[in-house]
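Engineer: Order-wise, the sequence lines are chains A and B. Going by the working numbering, the letters in the first sequence line up with residues 8 to 296, in that order. Going by the working numbering, the letters in the second sequence line up with residues 6 to 361, in that order.
Simulated from the structure, these hints should not be mistaken for laboratory data. Be aware that a few hints might be false.
A few chain A residues facing chain B, derived, Cβ under 10 angstroms [stated by the list, open to error]:
#, residue
1, Lys37
2, Leu91
3, Ile101
4, Ile104
5, Tyr108
6, Pro122
7, Ile153
8, Met156
9, Ala158
10, Thr160
11, Ile228
12, Thr232
13, Gln266
14, Leu267
15, Ser268
16, Phe273
Listed below are several chain A residues computed to face chain B (Cβ distance under 10 angstroms; list not exhaustive) [claimed, not checked]:
#, residue
17, Ser96
18, Gln111
19, Asn112
20, Leu115
21, Ala261
22, Pro284
23, Leu288
C-beta atoms are modelled at their ideal positions from N, C-alpha and C, and glycine is treated no differently.
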Amino acid sequence: MVSYLINGISLGSVYAIIALGYTMVYGIAKMLNFAHGDVIMIGGYMAFCSTSYLGWPVIPSVLFSVFVCTILGMIIEKLAYKPLREASSLAVLITAIGVSYFLQNAALLIWSSNPKAFPNMVNLPNLVIGDVQISSVAIVTIITSIIIMIALTMFTSKTKLGKAMRAVSEDKGAAQLMGINVNATISMTFAIGSGLAAIAGVLLCSAYPTLMPTTGAMPGIKAFTAAVFGGIGSIPGAMLGGILLGIIEIFAKAYISTQLSDAIVFAVLIIVLIVKPTGLLGKKIAEKV
Amino acid sequence: MGDMNKKKLSKKASKSFVNYGIVICFFIVFQILSSTGHLGSSLKGQLIPICAYIVMALSLNLVVGISGELSLGHAGFMSVGAFTGVVVAQSLASSVPNGQMRLIMALIIGALVAGIAGILIGIPVLRLRGDYLAIVTLAFGEIIKNVLNCLYVGIDERGLHFSLKDEPSLHLEPGGKTILSGPMGALGVTKLSTFFVGIILILLVLFYIQNLIDSRPGRAIAAIRDNRIAAEACGIPVTKYKLMAFVTSAAMAGAAGALYALNYSTVVPKKFDFNTSILVLVFVVLGGIGNLRGSIIAAALLTVLPELLREFQDYRMLVYAIVLILVMLITNNEKAMTFVRNTIDNIMKKSRKEAA
């Protein structure tokens, strides 16, 4: 029971980190970034390459992966999304899907479809309390995500850049009039989101050590669900949504049915949205006539 | 005034006749090509999937273009229709020996069951708006896939048996047959679909949607899309008409699914996942939202495109992705569009000059 709970929180923390990327980008650019899941996968491969081929130690390879994904996120934003800033949201959505296909197929060409065994990044002994055994990966995941969440909350509420980010997501035009560089702020949001995705990729692959070009797809969809679950656009919402989703998934797998666990997760999402149509912590937007 | 009305009407009518014409020409050309043996076997195998995808694109256009709701779970209805169709076709194998008859029954029942799924899903879903609605349709699509992945159906003398666990728990009598076996899907399906029936299905769907657009309910649906509050204030029952568009679209997707499934000897639930929903959405958006002709052309071209890109071999899906991104960037860029228009005009002028 306790170990299920810990596993759930650990999986949920990964979802929460991915969901943060979705929710920040949605909040600021009002777009569903479907390529986010594939950035996770690229992050995983980067860490895999630097440790397995180059023999780098853990910390530099994680930093390398974060660095590559941050740059990748900025490039994607510059080339594919920036020209569409004024276009309809559906056009942006399809472009994001195009980017997602591109990343998946590029990975397929570079690393082939054979699953790669992800190296063990966390070389620590498992924690044993009484008769409950907790894997070290779970503990590292939970601690990392707590640090990220605190850092991100501090960043958005205390720093100038973070405040600029919130201002742009409230009202682009007004933010520009106040002297905020809107384009640079959006670009930075993508950079942060993609960097987080890289960390999530490493954590995800440490817990489930098979790496394929499609690795990011399902966690991507689930984290997106988590972001909506908590109220999309809201940073605490994404954290709460992610962790709840992880716990529900692990418990559904353990007590109800392994095969139907995804169906149960999505069913819970639907029930929540029907009761509270803007998610758990989402703001209710009054309609102007 | 009366004259103008007449002109407008005839313009509309001729526009829809052009659409029927395109579909019929498509049929005749490919029929001739395949009977004279000019059609490669890989392209020939694509004909029925193309029909199914065209119907999918048309039906999704009804939701996305005309009703203005983003649906990301359209493949769910396709799979409901597909597996219902397979069960119907397989279980009637002995009582209805005529294959075409069985195919038509499979299409109709597939559409009905998908329509019922549409009602069940539509009632809760249509309370939500925008991206929340999109994510819930996505969730329903995943739920349908997940449940079908665990569904076992068998038949014996006592009738149909269902189970969500495994094959033995169907308790089939000796001589009974399993039709659906969970993640393995349907095995040993008799291929019934024909290109002709596919074309008839497209024409029927096209006829229905084109008439719906110009009817009272169609105008109500468009009014809700353009301004829900104003439409509500005019006394249009919003939920009723939204649900109507959603359910009709689901039923059409069901028929498309049955057509698609009965073209293969094995069908797995995994085929109808999120990626298929997205693929159909790509057809609709590239063809132009709300533009039926665009949907038909985009669905046909993009289904064949990966085949045409064969020479790029491993790179073909990469090229497909780049084409997709470039098309979206160019069509949404004023300067690029004027450039494209000007070049087309220049080429036209040149060819006219040369002709003269």
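Engineer: Hints first: check each against the structure and report whether it holds.
Structural biologist: Verification of the hints:
1. Lys37: holds, 9 angstroms
2. Leu91: holds, 6 angstroms
3. Ile101: holds, 5 angstroms
4. Ile104: holds, 6 angstroms
5. Tyr108: holds, 4 angstroms
6. Pro122: Check failed: Cβ of Pro122(A) comes no nearer than 17 angstroms to chain B, outside 10 angstroms.
7. Ile153: Ile153(A) check fails; min Cβ-Cβ to chain B is 27 angstroms, beyond 10 angstroms.
8. Met156: Check failed: Cβ of Met156(A) comes no nearer than 23 angstroms to chain B, outside 10 angstroms.
9. Ala158: Because about 27 angstroms separates Ala158(A) from the closest Cβ in chain B, which is outside the 10 angstroms limit, the hint is violated.
10. Thr160: violated, 24 angstroms
11. Ile228: Holds. Min distance 6 angstroms.
12. Thr232: Cβ of Thr232(A) sits 6 angstroms from chain B, so the hint holds.
13. Gln266: holds, 5 angstroms
14. Leu267: Hint on Leu267(A): holds, closest Cβ of chain B at ~6 angstroms, below 10 angstroms.
15. Ser268: holds, 8 angstroms
16. Phe273: holds, 4 angstroms
17. Ser96: holds, 8 angstroms
18. Gln111: holds, 8 angstroms
19. Asn112: With a minimum Cβ separation of about 4 angstroms from chain B (threshold 10 angstroms), the hint on Asn112(A) holds.
20. Leu115: Since the shortest Cβ distance to chain B is 8 angstroms, the answer is holds.
21. Ala261: For Ala261(A), the interface hint is violated, since the closest Cβ of chain B sits about 17 angstroms away, which is over 10 angstroms.
22. Pro284: holds, 5 angstroms
23. Leu288: Violated: closest Cβ of chain B sits about 14 angstroms from Leu288(A), beyond 10 angstroms.
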